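There are 2 protein chains.
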Amino acid sequence: MSTTEKPDRSRRSERSRQAILAATRALISEVGYAKVSIEAIAARACVGKQTIYRWWPSKGAVIFDSFLALGEDADGQGIALPDTGDIEADLKLVLRATVAEFADPDFERPIRALQTEIVNDPDLAAQYRERLAGPMNDAKKARLRSAQRAGQLAADADLDLVLEVLYGPLLQRWLHRTGPLTPEYADSLVELTLRAFRP
Amino acid sequence: MSTTEKPDRSRRSERSRQAILAATRALISEVGYAKVSIEAIAARACVGKQTIYRWWPSKGAVIFDSFLALGEDADGQGIALPDTGDIEADLKLVLRATVAEFADPDFERPIRALQTEIVNDPDLAAQYRERLAGPMNDAKKARLRSAQRAGQLAADADLDLVLEVLYGPLLQRWLHRTGPLTPEYADSLVELTLRAFRP
Numbered sequence: 081m082s083t084t085e086k087p088d089r090s091r092r093s094e095r096s097r098q099a100i101l102a103a104t105r106a107l108i109s110e111v112g113y114a115k116v117s118i119e120a121i122a123a124r125a126c127v128g129k130q131t132i133y134r135w136w137p138s139k140g141a142v143i144f145d146s147f148l149a150l151g152e153d154a155d156g157q158g159i160a161l162p163d164t165g166d167i168e169a170d171l172k173l174v175l176r177a178t179v180a181e182f183a184d185p186d187f188e189r190p191i192r193a194l195q196t197e198i199v200n201d202p203d204l205a206a207q208y209r210e211r212l213a214g215p216m217n218d219a220k221k222a223r224l225r226s227a228q229r230a231g232q233l234a235a236d237a238d239l240d241l242v243l244e245v246l247y248g249p250l251l252q253r254w255l256h257r258t259g260p261l262t263p264e265y266a267d268s269l270v271e272l273t274l275r276a277f278r279p
Numbered sequence: 081m082s083t084t085e086k087p088d089r090s091r092r093s094e095r096s097r098q099a100i101l102a103a104t105r106a107l108i109s110e111v112g113y114a115k116v117s118i119e120a121i122a123a124r125a126c127v128g129k130q131t132i133y134r135w136w137p138s139k140g141a142v143i144f145d146s147f148l149a150l151g152e153d154a155d156g157q158g159i160a161l162p163d164t165g166d167i168e169a170d171l172k173l174v175l176r177a178t179v180a181e182f183a184d185p186d187f188e189r190p191i192r193a194l195q196t197e198i199v200n201d202p203d204l205a206a207q208y209r210e211r212l213a214g215p216m217n218d219a220k221k222a223r224l225r226s227a228q229r230a231g232q233l234a235a236d237a238d239l240d241l242v243l244e245v246l247y248g249p250l251l252q253r254w255l256h257r258t259g260p261l262t263p264e265y266a267d268s269l270v271e272l273t274l275r276a277f278r279p
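Protein chains in written order, with my numbering: chain A, 81 to 279; chain B, 81 to 279.
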């Protein structure tokens, strides 16, 4: 084995991995989750099916990683929420951005596919909690704790529950398509949550 | 055609329809939604595939009707929520029952299957809103209006939003398996919702 072979192979592997993840995202957007298959991903990414199965145990796992790859920070920095000292303004900014993402057809289709996988696959749900929702929730809770210290939120508020009240109604409205996803809706959720958990 | 032939045929049709719906529910509970097929339903119900396709356009539609059939009232009575005059007690009763259903493995598996179908099929989502969620929400809103008249809930509260705050967090926790579904959790949701929308 030459000294250059390993880096080359590693570069090729990374190129294949990225091609597979990009192909997965493209296919989900184009045909929807139900019609995406490992075969189609392999063909689109110009790799063999076995290459995919070597790295991922299931279609759900590839889909999940294709989303995680989108969020990989180039600089490895952690996530932090804005903290202007005004919890209502800061949460409205964050929730308006989330509502806008959910209302965006390009974004919503792959995320809907991911949600379906999560709902039906307890292992994937656990991965989602640990790798994606967990770090996001930690960042949100850090901001909520700052609001507690500033006396803008009840000191004994259950922060997991606060986050569920902020995001659960939005998730339900989006999943069931029961109402419009507007900036005003985002504002309403923030206002009622702060009323429910005020000191 | 004899005069008795039509009733006989109608009875046979109804028997087949009920057999198909029962087979659908049984299969979902046994093997999960992903592995239920029209073929398996037909085999289990002892009917031909064409009989199923004559009445339902898709697997999702059969599944949906198999749930609706469960809720068909023998006496055709409408749905109404308890109204003791105490909105907090009445909502806790209702939400504790819902939480218990979601925590019940026998119930949760087929309902999870239905949720998946709804999330991915806008037509089914519309049917769900009209035929199942709509009538339930009307009953809940009637109880909330009574609480508004009694001064226990803000007169200008958006009742759709009140229901989203009551049920959205529960849906999220259940779908993502992020926390326990307990009577105490049901109580917390009722209490925070009433705080958020108090007069």
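Honestly, the hints are just simulated from the structure, not real lab data.
Since the model is a prediction, treat every value here as computed from it, not as a measurement.
A hint or two may mislead.
Note: identical chains are not told apart, hence a pair may lie in one copy or across any two.
Mimicking BS3-like on lysine-lysine, the simulated pairs with C-alpha atoms at most 27 Å apart in a straight line are [claimed, not checked]:
hint: 1; residue 1: K115; residue 2: K129
hint: 2; residue 1: K221; residue 2: K115
hint: 3; residue 1: K139; residue 2: K172
hint: 4; residue 1: K139; residue 2: K115
Checked hints:
1. K115 <-> K129: Both ways: K115 and K129 sit 16 Å apart in one copy and 23 Å across, limit 27 Å.
2. K221 <-> K115: This pair counts as neither: shortest intra-copy Cα distance 37 Å, inter-copy 39 Å.
3. K139 <-> K172: neither (35 Å within a copy, 40 Å between copies)
4. K139 <-> K115: both (11 Å within a copy, 15 Å between copies)
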